[in-house]
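Trainee: So the protein lines, in turn, are chains W and A.
One rule links them: number in this note's numbering = place in the first sequence (from 1) + 22.
One rule links them: number in this note's numbering = place in the second sequence (from 1) + 22.
With a cut-off of at most 16 Å between alpha-carbon atoms, the simulated EDC-like pairs for lysine to aspartate or glutamate come out as follows:
| # | chain 1 | residue 1 | chain 2 | residue 2 |
| --- | --- | --- | --- | --- |
| 1 | A | Lys454 | W | Glu75 |
| 2 | A | Lys533 | A | Glu143 |
| 3 | W | Lys470 | W | Glu456 |
| 4 | A | Lys528 | A | Asp152 |
| 5 | W | Lys154 | W | Asp527 |
| 6 | W | Lys454 | A | Glu75 |
Quick look at which bits of chain A chain W covers, simulated, 3 or more residues with Cβ under 8 Å:
| # | region |
| --- | --- |
| 7 | 139-152 |
| 8 | 454-462 |
To be clear, the hints were calculated from the coordinates, so they are not data collected in a lab.
Source: prediction; values computed, not measured.
For every residue, glycine included, the Cβ atom is placed at its ideal position computed from N, Cα and C.
Protein chains: 2
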Amino acid sequence: MSTVPVLIAGQWRPSQSTGTFRVENPATGEQLPGEYPISSWADCDAALTAATEAAAVLRTLPREQIAKFLNRYADRLDARKAELVDLTHAETGLPKAPRLADVELPRTTGQLRQAAAAVLEGSWALPTIDTKINLRSVLGQLGPVVVFGPNNFPYAFSGAAGGDFAAAIAAGNPVIAKGHPLHAGTTRFLANEALEALKETGLPLATVQLVHRIEPATGLRLVSDPRTGGSGFTGSRGAGIKLKNASDAVGKPFYAELSSINPVVFFPGALKERGAKLSEEFAGSATLGGGQFCTNPGLIILFASDDTEKFIADVKTRFEAANPPVLLGKPVVRSLTEGVAALKAAGAQLLTGGAPVAGPACRHANTLFRVTGAEFLAKPHQLQTEMFGTASLLVVVRDLAEAAAVLNQLEGNLTGSLYTDTTGADDAAYTKLEPILRARVGRLLNDKMPTGVAVSPAMNHGGPFPATGHPGFTAVGIPASIRRFAALQCYDNVRAARLPVSLQDKNPNGKMWRLIDGQSSQGNVGG
Amino acid sequence: MSTVPVLIAGQWRPSQSTGTFRVENPATGEQLPGEYPISSWADCDAALTAATEAAAVLRTLPREQIAKFLNRYADRLDARKAELVDLTHAETGLPKAPRLADVELPRTTGQLRQAAAAVLEGSWALPTIDTKINLRSVLGQLGPVVVFGPNNFPYAFSGAAGGDFAAAIAAGNPVIAKGHPLHAGTTRFLANEALEALKETGLPLATVQLVHRIEPATGLRLVSDPRTGGSGFTGSRGAGIKLKNASDAVGKPFYAELSSINPVVFFPGALKERGAKLSEEFAGSATLGGGQFCTNPGLIILFASDDTEKFIADVKTRFEAANPPVLLGKPVVRSLTEGVAALKAAGAQLLTGGAPVAGPACRHANTLFRVTGAEFLAKPHQLQTEMFGTASLLVVVRDLAEAAAVLNQLEGNLTGSLYTDTTGADDAAYTKLEPILRARVGRLLNDKMPTGVAVSPAMNHGGPFPATGHPGFTAVGIPASIRRFAALQCYDNVRAARLPVSLQDKNPNGKMWRLIDGQSSQGNVGG
Numbered sequence: 023m024s025t026v027p028v029l030i031a032g033q034w035r036p037s038q039s040t041g042t043f044r045v046e047n048p049a050t051g052e053q054l055p056g057e058y059p060i061s062s063w064a065d066c067d068a069a070l071t072a073a074t075e076a077a078a079v080l081r082t083l084p085r086e087q088i089a090k091f092l093n094r095y096a097d098r099l100d101a102r103k104a105e106l107v108d109l110t111h112a113e114t115g116l117p118k119a120p121r122l123a124d125v126e127l128p129r130t131t132g133q134l135r136q137a138a139a140a141v142l143e144g145s146w147a148l149p150t151i152d153t154k155i156n157l158r159s160v161l162g163q164l165g166p167v168v169v170f171g172p173n174n175f176p177y178a179f180s181g182a183a184g185g186d187f188a189a190a191i192a193a194g195n196p197v198i199a200k201g202h203p204l205h206a207g208t209t210r211f212l213a214n215e216a217l218e219a220l221k222e223t224g225l226p227l228a229t230v231q232l233v234h235r236i237e238p239a240t241g242l243r244l245v246s247d248p249r250t251g252g253s254g255f256t257g258s259r260g261a262g263i264k265l266k267n268a269s270d271a272v273g274k275p276f277y278a279e280l281s282s283i284n285p286v287v288f289f290p291g292a293l294k295e296r297g298a299k300l301s302e303e304f305a306g307s308a309t310l311g312g313g314q315f316c317t318n319p320g321l322i323i324l325f326a327s328d329d330t331e332k333f334i335a336d337v338k339t340r341f342e343a344a345n346p347p348v349l350l351g352k353p354v355v356r357s358l359t360e361g362v363a364a365l366k367a368a369g370a371q372l373l374t375g376g377a378p379v380a381g382p383a384c385r386h387a388n389t390l391f392r393v394t395g396a397e398f399l400a401k402p403h404q405l406q407t408e409m410f411g412t413a414s415l416l417v418v419v420r421d422l423a424e425a426a427a428v429l430n431q432l433e434g435n436l437t438g439s440l441y442t443d444t445t446g447a448d449d450a451a452y453t454k455l456e457p458i459l460r461a462r463v464g465r466l467l468n469d470k471m472p473t474g475v476a477v478s479p480a481m482n483h484g485g486p487f488p489a490t491g492h493p494g495f496t497a498v499g500i501p502a503s504i505r506r507f508a509a510l511q512c513y514d515n516v517r518a519a520r521l522p523v524s525l526q527d528k529n530p531n532g533k534m535w536r537l538i539d540g541q542s543s544q545g546n547v548g549g
Numbered sequence: 023m024s025t026v027p028v029l030i031a032g033q034w035r036p037s038q039s040t041g042t043f044r045v046e047n048p049a050t051g052e053q054l055p056g057e058y059p060i061s062s063w064a065d066c067d068a069a070l071t072a073a074t075e076a077a078a079v080l081r082t083l084p085r086e087q088i089a090k091f092l093n094r095y096a097d098r099l100d101a102r103k104a105e106l107v108d109l110t111h112a113e114t115g116l117p118k119a120p121r122l123a124d125v126e127l128p129r130t131t132g133q134l135r136q137a138a139a140a141v142l143e144g145s146w147a148l149p150t151i152d153t154k155i156n157l158r159s160v161l162g163q164l165g166p167v168v169v170f171g172p173n174n175f176p177y178a179f180s181g182a183a184g185g186d187f188a189a190a191i192a193a194g195n196p197v198i199a200k201g202h203p204l205h206a207g208t209t210r211f212l213a214n215e216a217l218e219a220l221k222e223t224g225l226p227l228a229t230v231q232l233v234h235r236i237e238p239a240t241g242l243r244l245v246s247d248p249r250t251g252g253s254g255f256t257g258s259r260g261a262g263i264k265l266k267n268a269s270d271a272v273g274k275p276f277y278a279e280l281s282s283i284n285p286v287v288f289f290p291g292a293l294k295e296r297g298a299k300l301s302e303e304f305a306g307s308a309t310l311g312g313g314q315f316c317t318n319p320g321l322i323i324l325f326a327s328d329d330t331e332k333f334i335a336d337v338k339t340r341f342e343a344a345n346p347p348v349l350l351g352k353p354v355v356r357s358l359t360e361g362v363a364a365l366k367a368a369g370a371q372l373l374t375g376g377a378p379v380a381g382p383a384c385r386h387a388n389t390l391f392r393v394t395g396a397e398f399l400a401k402p403h404q405l406q407t408e409m410f411g412t413a414s415l416l417v418v419v420r421d422l423a424e425a426a427a428v429l430n431q432l433e434g435n436l437t438g439s440l441y442t443d444t445t446g447a448d449d450a451a452y453t454k455l456e457p458i459l460r461a462r463v464g465r466l467l468n469d470k471m472p473t474g475v476a477v478s479p480a481m482n483h484g485g486p487f488p489a490t491g492h493p494g495f496t497a498v499g500i501p502a503s504i505r506r507f508a509a510l511q512c513y514d515n516v517r518a519a520r521l522p523v524s525l526q527d528k529n530p531n532g533k534m535w536r537l538i539d540g541q542s543s544q545g546n547v548g549g
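Extracted from the complex, chain W is given alone in its bound form:
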């Protein structure tokens, strides 16, 4: 059987590969059809050349055409939902419903459509006009964007269909997708629908390209090539940091989502008031999606008390009652096993789980660890090791001062949650800890678990390093996520006919918000 082709310059063509790989069904261990290539630099080089040409065309197209592509692509995915979901289920073990068919795919097509709407409306680009000196600026094309998709969201974060993809296209850039090897068939399916949508809407066919897998050294070269505008990456901290360093060294934006253990603090009053409800809520969030969410609550801070012991016992029961999920693949089981080993080595007390489940399926027992605040403070670095899967560490602190000390040791995270009671008993404690947590997370929650990332304008799926590489940006939430893949382009004394439409005197659609002489306006220049 011949090797699966790559998508370069509008053609599914044979890869110039350095090797091949197969995809396994993580529920059964069986190999799935298709031998996929590991692309050499030659494939990436050809993709960059084609993307550069596509970029030159894209910047001349009306934004309506880009919006049309995004919408058409979404429609095509909806139309082929059943087929796509079957394929992805076999590759990832994720449930067909509700997860893939009713949650992740609608979310993904919703993102594409929201991006299309933002492109049409146009305010995302912050057009700014100073009439007295004829100075005008707007966020514009960055150049070819490389998007590395992760293992855990085969649609919503896919390099060929997900949030970074939608944002990069919306900003007017071609995308070179690097698929994830654990669901290579899914990404291929997505990229092919994108290609058909490009054909239908008249965009350059190299606007979407796909390589299935590349060697690490090829990745470093790809993100730092002079033709590359920037990159989006969601994945492991180790690989992400190497790519980020290579990109940083040549001053190209690299938006990385790397690592997060999403601390949750249960204050004493909250546990006293509604401990049983909260243990259910926490266990539900921790086991959601097999614990394979970037926002999985991995570090729980509790105050020593009888209520806390009851909460822990209840959570343990729930973790043990829940069937260990099929994980996304062998590498996930391996990485979880390593994370668990790191916590054991750091002296954390194992309450339940702690080992893979034997058998052909990729499973790992639901796992709970426990340490005291003092123990955490003795080894804060090791005890923040991410365990990607259903595994959490409970930190039982002596008092508020110790809780503050623990929070002060935290690295940057995507989220942080504070649970307080409803009568005000926890208010003073909240006031003390909130500033410490606020500075260390992108999204601060009250009385709510972090899983569930709404695609909504106010969302921040970002946070201080190592959650991401820059605390000012979000990977989810339109219009903000689009601005990541744009360059600020100023036009000084440029003649009217040579300006992009968003900066011409006439408001291009009567809806675009522009800052004209310092005032927000949907009007034309000069009234």
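Given the coordinates of chain W, assemble chain A onto it according to the supplied hints.
Mentor: Just chain A, lined up with the frame of chain W:
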């Protein structure tokens, strides 16, 4: 005589120094009063501790108070203008008037006042509210910001008073200023006025701190310390890249302005139409401020013709007629000499100048080089060496294709200018070159020289690497410049009383633009 103190935690106190330095008058070579310390890590460590405490207070203060400080500081500088200008003139050789008193200081106090107005108005932070899911986000405090000021703008880019300073304070951060050793007395004067303004307006006194100079290794530690939120840097490419790498490695924003040669293309029609006017315009821009502007036109592209030969002869005459300016200090003469040597070594033909002027004053002859397009293309890297001073390279290309090839070799720049005629003769050439140049510069100009950076909302004083470290941001122009020094902070299901004022239901001033359920609004949530 005792060593000049540093400003840490609201006190002018003795530095724990590793050495000392003096400031010289570059016009006379004489040493000026004051022996300044080179701060050890102990000074920086103490400043970071104090800044962290200041940050905790700053985030609780009403924004009116921060605005009051910025305005009061501006007022104080205006009030002491004569004294300040005398001091700076002695340290830098820059003319008292119009440059220091009538241009740079008003610009600087204007920046502080514009920042104050933006703080009061509040829209800069892009507050966003999704009412249905009670999700709210806003750009907020990043943490202590280190600002490294350059040699060439002792006020407008000063770490203790300039654009980065104003932006960082406006975003709610304390600033640790690293002064520039060539005008240490000026920065000390500025920081002291800031301190007095802090006292008058009740801000934490560690909101503004100053070290005069640090060893390179101390700088790397300072920008990457866990307490540091981010940094702003304007200065040399070598030092800046080392600091950027250290900061990038720990995922902290580092806004660097590093290097720019600001290409200018004179199309044939423009030279034919108004060659004499254009040679005057170019020579005026190239010699402005002793050529010591980040936007100095250093690379001029001309099309081989008699008009071009006439232009070059005219420019040469003007460069020779202009008195070589007093440069900012010996290091500037040294670096210019090195830049000139690099161009000589690359085989560029010297038309005039090319050596320092003998005598006690820091001067270098106005310098012009010339190469053909083919020569440029043979050594594009060496021939893009920045020559900081009155020195430019003229590249005479054979035709449009060669011009395009030259532009395709350019690194990222702050600006790029295209001069065309008024009858349309140059339009086709413009259409061909504009996309190439657009992708490589932050500000694209028509028929205008790049010097003169208006502090205006649409300004982009930024550009692709190595002009800066990230093409999405500007160092000049409010409100955009403020957003650099902010973290995106999301509040998910957070109770009303715990929200920052900008995210509460009631619009805090009835003027702040907020994105409420996807719609721009100056109203309250719920009407």
